[in-house]
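K.L.:
For the record, the sequence lines run as chains S and L. First residue of the first sequence? That's 1 in the numbering used here, and the numbers climb one at a time after it. First residue of the second sequence? That's 1 in the numbering used here, and the numbers climb one at a time after it.
Please note that the accuracy of each hint is not assured.
What the hints assert, rightly or not - The list that follows gives simulated cross-link-like pairs (lysine to any residue, SDA-like), each with its CA atoms no further than 20 Å apart:
| no. | chain 1 | residue 1 | chain 2 | residue 2 |
| --- | --- | --- | --- | --- |
| 1 | S | Lys60 | L | Asp16 |
| 2 | S | Lys60 | L | Glu8 |
| 3 | S | Lys60 | S | Asn82 |
| 4 | S | Lys175 | L | Ser68 |
| 5 | S | Lys175 | L | Thr56 |
| 6 | S | Lys60 | L | Gln37 |
| 7 | S | Lys175 | L | Leu14 |
| 8 | S | Lys60 | L | Gly44 |
| 9 | S | Lys60 | L | Leu14 |
| 10 | S | Lys60 | L | Asp58 |
| 11 | S | Lys24 | S | Asn82 |
| 12 | S | Lys60 | L | Phe10 |
| 13 | S | Lys175 | L | Glu59 |
| 14 | S | Lys60 | L | Ile40 |
| 15 | S | Lys175 | L | Ile40 |
| 16 | S | Lys175 | L | Phe10 |
| 17 | S | Lys60 | L | Leu51 |
| 18 | S | Lys175 | L | Asn54 |
| 19 | S | Lys175 | L | Ala52 |
| 20 | S | Lys175 | L | Thr3 |
| 21 | S | Lys175 | S | Ala165 |
Stated by the list, open to error - A few chain L residues facing chain S, derived, Cβ under 8 Å:
| no. | residue |
| --- | --- |
| 22 | Ile67 |
| 23 | Ala438 |
| 24 | Arg486 |
| 25 | Gly488 |
Keep in mind the hints are simulated off the structure, nothing from the lab. Just so you know, these numbers come straight off a predicted model, no measurement behind them. The beta-carbon is built from N, C-alpha and C at its ideal position, and this holds for glycine as well.
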Amino acid sequence: MTLTDVFIRRQSDETTLSDDELMKRVRKEDTKAFRVLYDRYKTQLFIYCLRMVNDRDAAKDILQEVFIRVHTNRERFTPGTNFAGWVHTIARNLCLNARRDSKDHTSFDESAAYSGMAGADHDIALQEQLANEIARLPEIYREALVLREYEGRSYQEIVNITGQAMSTVKFRIFKAREILRERLSWGLDDLRGS
Amino acid sequence: MMTNDIQELFDGSLTDERAAELFHGLSVSPERRTDFQRHIALQGALRADRLASNLTNDEDTAIWGAISGVGVAASGVGSGYTIGWVVKPLLFVLAGVVGYILGTTHLSTGSGDSNPAPATASAPAAPRLPLVAVVPVVVPPAQQTPALAANTGMRPAVSRNGSDHRALNLADAANSTASSDDAASLARRHDGAGVQASGTSTDGASAADAAHNGATHNDVAARNGQRDSRSAAENIPADPAANSPDHNSSLGLGSGLQHQVQPDAQRRDTAHANVVGHVDGRLLTPDEVTRALSSGNTESPLDENAGHASALTSNGFEVGFGHLLGRFNRSSIPLGSNTTLSDPHIDLSYRFFSGSVGLGARLGFGNMLLQSLTSTSEGKASHYTMASEAKQIGVAEVYANYRLPVSRGIAVNLEGTFGGSTQHAQAGGNVSLIGFVADRIGVHVGVGYSHYWYGTSLSSVDLSHDYDRVDDTYRSAFNGDFFELRWGVLFHL
């Protein structure tokens, strides 16, 4: 064993722990373990929340609230169960509440947005349009798409998180992609042709 | 069906047969190719959107701060780090205090007398004051007595003119029996003055306990013997404490040392005798003797062979070169492929208080995170990603240390450091063992502990300010502990 082996092994002690092990430590007021969990899930949860509510500030608030609830309810978490599913359930419920409370459903004028755009501006506009179109997707399609495309989760993981059948998950993702292709067809054609 | 196949192809679940059919259909149908390209464009747009949607460092910091602020993480963070940072420095301080106590005890008791002889009943409780009696003894070379040399452990040193100048222990009975260290001291001062007896006889000198001698009765007196040492040794009174002033002349140097000093104390006398025994024709001043004793030096300050110890206990500049052999990290610090675990450094310090305390500066290397920006292209879009990589960069430190002599030329070094680089700050301490292998050349080896803090946000901003979108999901602030092994050489200038 070299010094490097020792060094790397020690430095990665906490980051390589499973979610269950980390939650056990969190229950013992180990803040470092909680920070590791936060670092592990913050990005995917934030993107999930952002795409679900289509509001960056709201997404940050939800992310913050998710981890506060995780910590508050740490005693309720049962080791051996799916932590990722649990934390996503918390995030999903908070996102649904946020969307229900929000009265601001913005409409997007495609023709005005894309007229005269080219190059990098077109890319930015396309991404903005994409975000809006994802926000307009039906809830069940959007969630499946976000879990698949933004979090890179496998179908089986999505099944575990959503509790839906595999065929249902696949269909929802298929429909979400199809809707986006149709609504963004002209923008995608420009991107494709460039 | 075509769309299903394309999506399954992207998912990696399309069978080979159906993939072959899909590719064939794409090759013959422009409409299918258009549809396929839309799929690819959508995938690219989703991926780009995902990269652009990440949390920024500022947002991440704000969210975690908010979570901590509501008390979720604050309790753990606060207690954990506070306790750690209270206890850890205290341990170092405690180690220093224990070391100091042990060291001062060691020095004050000389060789650490563990079996002091009890005081005689008749001996007054003489003050344990340092006592010096410098006795120039005029001894003809031919009459140098083996008994004297044997009893005192001293090497007769006869000068050219025939006078043997020696600083001898003239301990009183109480001191010599109560504390072998006191008895063993051959150079003492008494009441700040010292007693000096000059032998007027050429055939010997005698000196003995003066607890009951003379008008003061509590001073040591050197008596001029009328006999040579041999005869003095043969006229030893059974109880030195019973010596009356009338018997002063019959008390010889040999008798005093032979009968009042315990055998093991006599052995220690030998060591102490060396302090002043080799005077090479010159008497030591009391200051020289005191300085030599206080530094734990059992060699004569005039002894040219005592250089190892004098370099350890003298003031002056020191330069050094050292190496950190390895760092054992306790927390997460990303490592790069070019990380090295061996960092050289050079030291410059000045030593005060007889070399016991040093203040200095250290320049060396350390492994810290640096940022780099990489780009990947997807079609016409380029994605820039910030990466953190550990590299060896310059580190500067200031330090203060305390050396605790444990033996001749060897000391324990306790050191506290504070410093950093353009990337980080660190504070810590180390404990090492120093040994002088030559007059002015020493080596040291030890262990250290440090806590470090550093952030990468500034360097990230510098690198990314020209770019609109940078995927910067890396951590921006780090802190943790590491333990290190270290060794080095030093030169006392």
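K.L.:
Confirm or reject each hint.
P.N.:
Now the hints, each set against the structure:
no., hint, result
1, Lys60(S) / Asp16(L), "violated (43 Å)"
2, Lys60(S) / Glu8(L), "violated (33 Å)"
3, Lys60(S) / Asn82(S), "violated (23 Å)"
4, Lys175(S) / Ser68(L), "violated (41 Å)"
5, Lys175(S) / Thr56(L), "violated (31 Å)"
6, Lys60(S) / Gln37(L), "violated (34 Å)"
7, Lys175(S) / Leu14(L), "holds (18 Å)"
8, Lys60(S) / Gly44(L), "violated (25 Å)"
9, Lys60(S) / Leu14(L), "violated (38 Å)"
10, Lys60(S) / Asp58(L), "holds (12 Å)"
11, Lys24(S) / Asn82(S), "holds (14 Å)"
12, Lys60(S) / Phe10(L), "violated (31 Å)"
13, Lys175(S) / Glu59(L), "violated (33 Å)"
14, Lys60(S) / Ile40(L), "violated (30 Å)"
15, Lys175(S) / Ile40(L), "holds (16 Å)"
16, Lys175(S) / Phe10(L), "holds (15 Å)"
17, Lys60(S) / Leu51(L), "holds (16 Å)"
18, Lys175(S) / Asn54(L), "violated (25 Å)"
19, Lys175(S) / Ala52(L), "violated (24 Å)"
20, Lys175(S) / Thr3(L), "holds (10 Å)"
21, Lys175(S) / Ala165(S), "holds (15 Å)"
22, Ile67, "holds (5 Å)"
23, Ala438, "violated (31 Å)"
24, Arg486, "violated (13 Å)"
25, Gly488, "violated (18 Å)"
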